[in-house]
Amino acid sequence: MNEKKSSRGLSVQAVVATGIGIAIVFVLKRFVPIPTGVPNTTIDLGEAFLTFLAAIFGPAVGGLTAFFAHLFTDLSWGDPWWSWIIADALFGFLIGYSRNLLKIKQEKLTTGKLVKFNVLQVVANILCWGVLAPLGDIWIYSQPAGKVFLQGVTATITNSLAIGIVATLLLIAYGKTQNQDQKLTKE
Amino acid sequence: MPTKLKTDPKPIAGSQQRAPWINRLSGTTKIVILLGLSAIGMVSYDTRYLVLLTAFAFIFYAAARLKWRQVRGLVYAIIGFTLLNLVLVYVFSPHYGAEIYGSSHVLFGSGFFVVTTEELFYLLNMTLKYIFIVPLILAFLYTTDPSELAAGMNRIKIPYKICYAVELSLRYIPDFMREFKQISLAQQARGLEISKKAGIWQRVKGSSQILLPLVFSSLDRIEVTTRAMRLRRFGTQKKRTWYMSHPLAKLDYGLIFFTVVLIVLGIALFQVNGGRYYNPFN
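Chains A and B are the protein sequences, given in the same order.
For the first sequence, numbering that gives the first Met the number 0 assigns the number 0 to the initial residue and increments by one for each residue that follows.
For the second sequence, numbering that gives the first Met the number 0 assigns the number 0 to the initial residue and increments by one for each residue that follows.
Please note: incorrect hints may appear among the correct ones.
Claimed, not checked - Lysine-lysine pairs mimicking BS3-like chemistry, simulated, CA-CA at most 25 Å apart: (1) K156/B with K238/B; (2) K156/B with K66/B; (3) K204/B with K115/A; (4) K102/A with K115/A; (5) K204/B with K175/A; (6) K175/A with K115/A; (7) K112/A with K204/B; (8) K107/A with K175/A; (9) K104/A with K115/A.
FYI, nobody ran anything at the bench for these hints, they're computed from the structure.
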């Protein structure tokens, strides 16, 4: 979808994908959270959709969508929590690189690719929620380590699971709508 | 949980033309105040300073003339969150306050869960950090127009394509809320249980089944909107103008100046206190 002249900044499609992505992730984060029992930590389908979006449109869309969607969700609760917002933005950015791995628009989606994608998402989750977000809480907000690591580890596990299941299913469903002719030759 | 909000897109995208001066504030001013105070309040642990910031935030809240009915649900939710966090922090490290302030005045209890004045003081500071910005945000949520926000973001040199994406998202949030509700009701009518009555696994499964139609309609919408914007030659120029952009007034400059003064004061207090914490126990 790249045009020759629109090389400066984001492409039109990236702008729209970011805008619509923020709106959907916000709605999912804000109105469909499933509590885990640990305060401020929920099973988050927003992250699953974010991952799916980033896997199609790349790191810039992923990072921006994650940043603003998390910011708006926090603002709508009256309280921006910057360490987690930044961690989320980084997660969206990192997971965006799975676009190069999956190449879902050009190539067939294989099991091997999905496994690699899931390894990448678990690593990104551990890095962002298990390490960066708690460290940010300790450095910026000076909260006790035990509490923030409990929240961080819970978020890592629930996000990895939500993304592993839901985002993978979304990718498979989306893959089927692309390259239909190649799909027919399978098996 | 603020049930009312679920059907009401107003808190995010609504602008009510009632409050006098706060509605005249430019989007730029609001962003600068919000980001500035949020950043300095995030770092500072000085009780006096946080109280001052809270008072400043309440000026905006008062100006927005919100009805208690409008914010009630959110306020209860915030109180709930904050209490849960306080309990968790205390349970995990009852000695954290003593560690920070370097002294320990036992109030009552003994053993691991001993209650010290330092811990209570630390928890008070943490509560202030949780809530000081809430009145400000509530005021801005109800008095800011999405387009004005985008214009304001662009003025502080955020690339216009990002501002436009944000504006698009604010435009689409009410749409997707409606669509989500419709799909959810349709699926529930077909026997899908996603309410609190179902178990976690059921709810995850049910919610994903709502997700699928929502995702594919959104991908379609991305295609359609992209085509429409390309036809209108979006993104071919270096700059763009905003209908809702208007020059900063005296009031804007005054408030931005005051915010800068507050931030400088906060930084000066780091010097005075010899760190982020204000320690009354020395």
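Here is how each hint holds up against the structure:
Between the alpha carbons of K156/B and K238/B the distance comes to roughly 11 Å, so the proposed pair stays at or under 25 Å and holds. Restraint check: the Cα-Cα separation between K156/B and K66/B comes to about 35 Å, which exceeds 25 Å; the hinted pair is violated. With a C-alpha separation of about 24 Å, the suggested pair K204/B and K115/A falls inside the 25 Å cut-off, and the hint holds. Under the criterion of a C-alpha separation no larger than 25 Å, the hint pairing K102/A with K115/A is consistent with the structure, at around 13 Å.
At most 25 Å may separate the alpha-carbon atoms for a hinted pair to count; K204/B and K175/A meet this at roughly 21 Å. The hinted pair formed by K175/A and K115/A meets the criterion: a straight-line CA distance of about 19 Å does not exceed 25 Å. Straight-line distance between C-alpha atoms of K112/A and K204/B comes to about 24 Å, which keeps the hinted pair within the 25 Å bound. At most 25 Å may separate the alpha-carbon atoms for a hinted pair to count; K107/A and K175/A meet this at roughly 9 Å.
Under the criterion of a C-alpha separation no larger than 25 Å, the hint pairing K104/A with K115/A is consistent with the structure, at around 17 Å.
Figure legend: structure checked against the earlier numbered hints; the only hint not met is number 2.
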